Amino acid sequence: MARAKPTAEKDYDDIPGTYVFDADRSRRGYHLNMFCMSLMKAENRKAFKQNEAKYLDQFPLTPEQRGAILKRQYNRLLELGGNIYFTAKLGATDGHPFQHLAALMTGSTQQDYADMMLRGGRPVEGNRSMSGKFNRPKAKSAKAKSKPRSKGSKRRG
Amino acid sequence: MARIIAGVTSSHVPAIGAAIDNHRTNEPYWQRVFEGFERSKEWIAKVKPDVVIGVYNDHASAFSVEMIPTFALGTAAEFPIADEGWGPRPVPVVKGHPELAAHIAQSVILDEFDLTLCNKMEVDHGLTVPLNLMFGTPKQWPCKIIPLAVNVVMYPPPTGHRCFMLGRAIRKAVESYPEDLKVVIFGTGGMSHQISGQRAGLINSKFDHAFLDNLSKDPQKLMRMGHLEYMREAGAEGIEMVMWLIMRGALDDKVDEVYRFYTVPASNTAVGHIILENRRKAAKKSTAKPAGKAKKAAPKLKRAAARSKVHRVRS
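Which chain is which? The protein sequence lines are A and B, in order.
Numbered per our numbering, the first sequence spans residues 245 to 401.
Numbered per our numbering, the second sequence spans residues 309 to 623.
One or more of the hints may lead you astray.
On the chain A side, residues computed to face chain B include the following (Cβ under 7 Å) [unchecked claim]:
(1) Tyr-256
(2) Thr-262
(3) Tyr-263
(4) Met-281
(5) Leu-322
Simulated pairs of lysine-lysine, BS3-like, Cα-Cα distance not exceeding 27 Å [as the list claims (entries may be wrong)]:
(6) B:Lys-529 with A:Lys-254
(7) B:Lys-514 with A:Lys-254
(8) B:Lys-562 with B:Lys-480
(9) B:Lys-428 with A:Lys-285
(10) A:Lys-377 with B:Lys-428
(11) B:Lys-428 with B:Lys-490
(12) A:Lys-333 with B:Lys-428
(13) A:Lys-377 with B:Lys-529
Honestly, the hints are just simulated from the structure, not real lab data.
Every value quoted in this text rests on a predicted model; they were computed, and no experiment measured them.
C-beta atoms are modelled at their ideal positions from N, C-alpha and C, and glycine is treated no differently.
Build the full structure now, drawing on both the sequences and the hints.
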C-alpha cells in the first residue's frame with residue numbers, strides 16, 4: 245500500500261513521518277486494530293506470546309498486516325491501518341515501555357530518543373511539510389517583527 | 309441554579325499516571341511535572357466544586373474501532389476504571405451525576421449537538437490522570453464527575469469551532485439546572501506531541517505558549533484553526549487540544565487566568581496546564597442574602613489576595 249498522494253481532502257498526507265488515522269485507514273486496519281484490542285485481556289496476551297502465528301489465525305488479516313505484526317514493524321503497521329493507541333498494546337504485550345516503540349518508529353535508540361525529548365523534543369522546523377509548502381509559515385510575521393520600524397518604510401501594495 | 313465557575317486544562321500523559329501508581333513522583337524527572345500542580349491542588353481544595361465535567365478522550369479502552377462516537381456523554385452513576393493492558397489503574401471509581409448529565413444531554417441535544425449517551429462506560433487515563441493532578445490520590449474523588457469523551461483518535465475529530473460551541477451549549481444547560489451546584493469543567497490532552505511515525509517526539513513550545521495565551525485572552529482565534537495546522541505544528545496527537553476549546557466555550561468571554569504551568573517533557577509530550585475563572589462571582593443565592601454579605605466579603609478578599617500571589621510558572 246503506497247503512500248497516497250496528498251489530495252485536497254487528505255492535505256495531511258503532506259506532513260512528513262505521519263500516518264493520519266482516517267476513516268479509510270480505520271476500515272483497512274479494522275482487524276489489525278481489533279487484534280490489538282484483544283491484547284487488553286491477560287489470557288489473550290499469554291496465548292499470543294505462546295504461539296503468535298496461531299493466535300493471529302483468528303483474525304482475517306492481510307498477509308502484509310500479519311507480517312508486520314510478527315516482525316514488529318511499527319511504522320508499517322500504521323501504514324496498513326493500525327492506530328498508535330492500538331499498536332501500543334502490542335508493544336506493551338512485549339513488555340516494552342512506550343519510548344521503546346517511539347525509538348523504533350523514529351529509527352533511533354531508546355536512549356537517544358529519551359535524550360532528544362529531554363532536550364525539548366524534535367523541532368518542528370524542517371518537519372512541517374514534504375512539499376515545502378509550510379516550511380516557513382511564520383516567515384512574514386517574523387520578518388515584520390525583527391525589522392526595526394524605521395527601516396520598514398516600504399509599504400506593500 | 310448550577311453554575312460553571314472555572315475551567316481547567318491539563319495534559320493527560322499516561323506516563324504521569326504510571327509515575328503516580330508506581331510511587332515515582334519524587335524522582336527529579338517527575339518532580340518537575342508534579343510541582344507544577346501543587347498550587348492547582350490548593351486552588352481546587354478551596355474552590356470545592358460539586359461537579360467536574362471532564363472532557364477527555366478515550367484511548368482504545370471504552371471504544372475500539374467498532375464504534376467511534378464523536379461526543380459521548382457519561383450519564384451513568386458510576387464509571388469503572390478501564391484495564392488498559394496492565395490492569396486497571398489503582399484509582400477510585402468515578403462517580404457521576406446522572407441527573408445533571410441527563411439534563412445536559414437533553415438541553416444540548418435539543419440545541420442541535422447530537423451527543424452519544426453512555427449508561428455504561430469505562431474511563432481510562434485520559435480522565436483519571438488529570439483527576440490525580442488536581443485532586444492527588446484520595447480514597448474517593450471529592451466530587452461528582454461527568455465524563456465527556458471526544459473522538460480525537462480517528463480523523464477527523466470535531467473542529468475547534470464545534471467544540472467551542474458545544475461548550476457554550478453545555479454552559480447554557482448547566483445554568484438551567486435548578487440545583488445550586490458549583491461546576492468546574494476540565495479540558496484535557498495536549499499539548500504538542502506526536503507519538504506515531506518517524507516524526508514521533510515532535511514538540512513545539514512556541515505553538516503551545518501561543519495557544520495558552522489565546523485560550524486565555526482570544527479564544528476566537530483558536531476557533532478558526534484548522535486540523536492541518538494542529539497536526540503540522542503541534543504533532544499528529546497534538547490535535548487533542550481541540551478538547552480544550554469545549555472547556556473554553558463553557559466559560560465567559562472574559563476570564564481571569566489564575567494559574568499556568570508548562571514543562572517539557574513528560575515522556576513524549578509537552579505538559580500544559582491553565583486555570584481560568586469566570587469573573588462573575590458565586591451563585592446568585594449568596595448575593596441575595598443580605599445577612600451573608602458581610603460574611604462573604606472576607607473570604608472573597610482572601611481569595612483575591614491568594615490569586616495575586618499565584619505566579620505564572622513557565623519553563
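Starting from B:Lys-428, check that the Cα of B:Lys-490 is at most 27 Å away, please. Given pair B:Lys-428, B:Lys-490 holds - Cα atoms ~25 Å apart, limit 27 Å.
For the pair supplied as a hint, A:Lys-377 and B:Lys-428, confirm whether the alpha-carbon distance does not exceed 27 Å. Violated, because 46 Å separates the two Cα atoms, which is more than 27 Å.
Taking 27 Å as the top limit, are the C-alpha atoms of B:Lys-428 and A:Lys-285 close enough? 19 Å, holds
Just to be careful, I want the Cα atoms of A:Lys-377 and B:Lys-529 compared with a cutoff of 27 Å; is the pair within it? With a Cα-Cα distance of about 22 Å, the restraint between A:Lys-377 and B:Lys-529 holds, given a limit of 27 Å.
Interface hint for A:Thr-262, Cβ within 7 Å of any Cβ on chain B: For A:Thr-262, the interface hint holds, since the closest Cβ of chain B sits about 5 Å away, which is under 7 Å.
Interface hint check: A:Tyr-256, Cβ to nearest Cβ on chain B, cutoff 7 Å. Holds or violated? 6 Å, holds
Assess, step by step, whether the Cα of B:Lys-514 is no farther than 27 Å from the Cα of A:Lys-254, and give holds or violated. Roughly 26 Å between the alpha carbons, so the hint for B:Lys-514 and A:Lys-254 holds.
Minimum beta-carbon distance criterion (7 Å), A:Met-281 to chain B: 5 Å, holds
Residue hint A:Leu-322, partner chain B, criterion CB-CB below 7 Å: Given a least distance of 6 Å, the restraint on A:Leu-322 holds.
Let's test the interface hint: is any C-beta of chain B closer than 7 Å to that of A:Tyr-263? 5 Å, holds
Given pair status - A:Lys-254, B:Lys-529, alpha carbons within 27 Å: Judged against 27 Å, a Cα distance of about 24 Å means the pair holds.
Between B:Lys-562 and B:Lys-480, does the CA-CA distance stay at or below 27 Å? 17 Å, holds
Comparing the model with each numbered hint stated earlier shows that hint 10 is the single one that does not hold.
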